[in-house]
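Residue numbers (this note's numbering), protein chains in the order written: chain A, 1 to 270; chain B, 1 to 104; chain C, 1 to 157.
Possibly wrong hints are sitting among the right ones.
Some residues of chain B that are not near chain A, with every Cβ distance over 12 Å (derived) [claimed, not checked]:
#1 Pro4
#2 Arg20
#3 Asn47
#4 Thr56
#5 Gln68
#6 Asn69
#7 Lys81
#8 Asp83
Derived Cβ-Cβ restraints for the label pairs, each shown as a range [said to hold, decoys possible]:
#9 Glu159/A - Asp83/B: 52 to 58 Å
#10 Gln241/A - Thr67/C: 31 to 37 Å
#11 Asp90/A - Ala2/B: 35 to 41 Å
#12 Asp13/B - Asp90/A: 49 to 55 Å
#13 Gly73/A - Ile39/B: 49 to 55 Å
#14 Leu72/A - Thr145/C: 51 to 57 Å
#15 Gly30/B - Asp90/A: 40 to 46 Å
#16 Asp95/B - Glu52/A: 17 to 23 Å
#17 Lys87/C - Asp95/B: 49 to 55 Å
#18 Gly94/B - Glu159/A: 53 to 59 Å
#19 Thr67/C - Asp95/B: 20 to 26 Å
#20 Lys93/B - Lys140/C: 33 to 39 Å
#21 Lys149/C - Lys33/B: 21 to 27 Å
#22 Gln31/B - Gly139/C: 30 to 36 Å
It is worth saying that the hints were derived from the structure and are not from the lab.
Every residue gets a Cβ at the ideal spot worked out from N, C-alpha and C, and that includes glycine.
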Amino acid sequence: MKSQTIVTLAAAVVLPFAMLAHADDTQKEIERYRQMIADGNPAELLEMRGEELWKQKRGPKNATLETCDLGLGAGKVQGVNAVLPRYFADVDRVMDLESRLVHCENTLQGFSMAELTKNPHSMKAGERQTDHEALVAYIVGQSRGAKVDLPQTHPKELESYLRGEKMFFFKGGPYDFACATCHGVDGQRIRLQDLPNFQKPDNAQRAFTTWPAYRVSQGAMRTMQWRLLDCFRQQRMPELQFLSQASIDLITYMGVKAKGGVMDAPAIKR
Amino acid sequence: MADPMRIRAQLKDGGVTEVRVLMAHIMETGQRKDGSGKIVPAHHIQNVTATWNGKTVLTAQFGPAVSQNPVMNFSFKGGAKGDKVSVSWSDNKGDKRTDEATIS
Amino acid sequence: MHTFDIGRRDALRSGANFALVAAAISAGVLPTSAFADWNKAAFDAKSLNDVVKAFGGSSVDKSGDITITAPDIAENGAVVPIAIASKIPNTESIAILVEKNPNALAAQFDIPSGTEPNVGTRVKMGQSSNVFAVVKAGGKYYVATKEVKVTLGGCGG
Numbered sequence: 001m002k003s004q005t006i007v008t009l010a011a012a013v014v015l016p017f018a019m020l021a022h023a024d025d026t027q028k029e030i031e032r033y034r035q036m037i038a039d040g041n042p043a044e045l046l047e048m049r050g051e052e053l054w055k056q057k058r059g060p061k062n063a064t065l066e067t068c069d070l071g072l073g074a075g076k077v078q079g080v081n082a083v084l085p086r087y088f089a090d091v092d093r094v095m096d097l098e099s100r101l102v103h104c105e106n107t108l109q110g111f112s113m114a115e116l117t118k119n120p121h122s123m124k125a126g127e128r129q130t131d132h133e134a135l136v137a138y139i140v141g142q143s144r145g146a147k148v149d150l151p152q153t154h155p156k157e158l159e160s161y162l163r164g165e166k167m168f169f170f171k172g173g174p175y176d177f178a179c180a181t182c183h184g185v186d187g188q189r190i191r192l193q194d195l196p197n198f199q200k201p202d203n204a205q206r207a208f209t210t211w212p213a214y215r216v217s218q219g220a221m222r223t224m225q226w227r228l229l230d231c232f233r234q235q236r237m238p239e240l241q242f243l244s245q246a247s248i249d250l251i252t253y254m255g256v257k258a259k260g261g262v263m264d265a266p267a268i269k270r
Numbered sequence: 001m002a003d004p005m006r007i008r009a010q011l012k013d014g015g016v017t018e019v020r021v022l023m024a025h026i027m028e029t030g031q032r033k034d035g036s037g038k039i040v041p042a043h044h045i046q047n048v049t050a051t052w053n054g055k056t057v058l059t060a061q062f063g064p065a066v067s068q069n070p071v072m073n074f075s076f077k078g079g080a081k082g083d084k085v086s087v088s089w090s091d092n093k094g095d096k097r098t099d100e101a102t103i104s
Numbered sequence: 001m002h003t004f005d006i007g008r009r010d011a012l013r014s015g016a017n018f019a020l021v022a023a024a025i026s027a028g029v030l031p032t033s034a035f036a037d038w039n040k041a042a043f044d045a046k047s048l049n050d051v052v053k054a055f056g057g058s059s060v061d062k063s064g065d066i067t068i069t070a071p072d073i074a075e076n077g078a079v080v081p082i083a084i085a086s087k088i089p090n091t092e093s094i095a096i097l098v099e100k101n102p103n104a105l106a107a108q109f110d111i112p113s114g115t116e117p118n119v120g121t122r123v124k125m126g127q128s129s130n131v132f133a134v135v136k137a138g139g140k141y142y143v144a145t146k147e148v149k150v151t152l153g154g155c156g157g
């Protein structure tokens, strides 16, 4: 009976250390798992579909998107995701990749804005990914290896950043949450996912350069607009409008914080 | 209509061709229930065949436990740059897809 | 080396099943291609032994010449990368089984001569489980085992 007590006590003392070592090993093994699944990212299939769509004559005007100016000149796709959001003189405002893509589909191909913004994201399990998601996958994939360098020279670009920053720290909703509650401090995580602290360049770079991403748990590639929509949902904030100024400003803020990072999207995540 | 596969075939040292295939398929298990509680019927690839210059270099049978958007990696001896590697799959609903890649 | 005995009675029963299927084919009930191309009995089987039986084997031996490359812990059971390499001479086929899945067999690969006895794919795992690699070589069946733990990842986005 007595020896039993001693053994239990010893176990109680030893266990926390064993668990600490175990947590570290777990983290390493999860990292190994992530590396193992990185090659063979199903987002590549969507990139292929997106490339076909990009070159295909579509819409009421039966035109391709090949003359679309995504920020580096008409028809230039390579590297654009590393410099977006940015100011576009033709619309006199800052646009993110998805806003600009939809703008091109509207102006060049003649799709209505209502049509383009109605169901941009696939939602249900097993639902076919949308054309919007496919086009985003293709365009983003063409920026792999490009260094993040959002222009901040136009006054509207700076304004977008400043509004984004304000929103990032703005607390609201029933939980009194801000983006910064989870993404403005070190060492936060949800279960096994480390949350990036946007005040640290390497953290901001890691996050910004790996979205959009294929979500294993959802079997679908998710765009940056979707990612923010889901952040707002988790904060219990009012629903973030697709392509809203608020969404663009937050992306500007994150992109500026991630300056110098090397684009590696679409990535693959849990 | 099934979406295309992504096939990469690369000649490695020692005359071995390494093939990596990514297939677009839902791979529905037949175990999952939808929102109304009804079982979503199984829908998965059953057979895969890979050929090089008309010679079969791999055949596979998949059950519903192969992950969505299946990956298949293998390598075979022989093969030269410029040769074609062709991969075909068929599923339990009769859908089929064939794509090919050039060995690089 | 340990042998899992499948037993004469079971072997006889699978023989009987074969006879039934053969009768169904000759009666035109089943398309011959379905039987020839996809081994339904193997994919319906619940255990290692039953899968080996459905392949036509009568026993399976443990082997140290089969390597399973898989993570110790998978962040998401929906995608568990598994690669199997066999050093057993005359490897004819490689199968991947997940012990605790509703049906054990996930995939089976036939290896023609000239193809390396080394294949990789990704499988679903409903829970932490042993993964078996079953290799057929020289008409015999061999198995190696690796445990893979599965976490379900975080909630929401």
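Taking the hints in turn, this is what the structure says about them:
1. Not every Cβ of chain A is farther than 12 Å from the Cβ of Pro4/B; the closest lies at roughly 6 Å, contradicting the non-interface assignment.
2. Some Cβ of chain A comes within 12 Å of the Cβ of Arg20/B; the nearest lies about 7 Å off, and the non-interface call is violated.
3. In this structure Asn47/B is separated from chain A by more than 12 Å, as the shortest Cβ-Cβ distance comes to about 20 Å.
4. Taking the minimum C-beta to C-beta distance to chain A, about 23 Å, the non-interface status of Thr56/B holds against the 12 Å cut.
5. A cut-off of 12 Å between C-beta atoms contradicts the statement that Gln68/B is not in contact with chain A; the least separation is 5 Å.
6. The Cβ of Asn69/B does not lie farther than 12 Å from every Cβ of chain A; its closest approach is about 4 Å, which violates its non-interface assignment.
7. Consistency note on Lys81/B: stated as away from chain A, and its beta-carbon is indeed over 12 Å from all of that chain's, at 22 Å minimum.
8. Even its closest Cβ contact with chain A, about 22 Å, leaves Asp83/B beyond 12 Å, as expected for a residue assigned away from the interface.
9. Range check, Glu159/A to Asp83/B: Cβ separation about 57 Å, and the 52 to 58 Å hint holds.
10. Range check, Gln241/A to Thr67/C: about 52 Å between beta-carbon atoms, so the 31 to 37 Å window is missed.
11. The hinted window of 35 to 41 Å between Asp90/A and Ala2/B holds, with their beta carbons roughly 39 Å apart.
12. The given range of 49 to 55 Å is respected by Asp13/B and Asp90/A, whose C-beta atoms sit roughly 52 Å from each other.
13. For Gly73/A and Ile39/B, the Cβ-Cβ distance of about 52 Å falls inside the hinted range of 49 to 55 Å, so the restraint holds.
14. The hinted range of 51 to 57 Å is satisfied by Leu72/A and Thr145/C, whose Cβ atoms lie roughly 53 Å apart.
15. Judged by the Cβ atoms, the range 40 to 46 Å given for Gly30/B and Asp90/A is violated: they are separated by roughly 51 Å.
16. For the pair Asp95/B and Glu52/A, the supplied restraint of 17 to 23 Å holds, since their beta-carbon distance comes to about 19 Å.
17. One distance hint, 49 to 55 Å for the beta-carbon pair Lys87/C and Asp95/B, is violated here, with the actual separation near 37 Å.
18. A hinted range of 53 to 59 Å holds for the C-beta pair Gly94/B and Glu159/A, which are about 57 Å apart.
19. Taking the beta carbon of each, Thr67/C and Asp95/B are about 34 Å apart, not inside 20 to 26 Å as hinted.
20. Evaluation of the 33 to 39 Å hint for Lys93/B and Lys140/C yields a pass: the beta carbon distance comes to about 36 Å.
21. Between Lys149/C and Lys33/B the beta carbons are some 26 Å apart, a value that agrees with the proposed interval 21 to 27 Å.
22. The given range of 30 to 36 Å is respected by Gln31/B and Gly139/C, whose C-beta atoms sit roughly 34 Å from each other.
The structure fails hints 1, 2, 5, 6, 10, 15, 17 and 19 (numbered hints given earlier, in ascending order).
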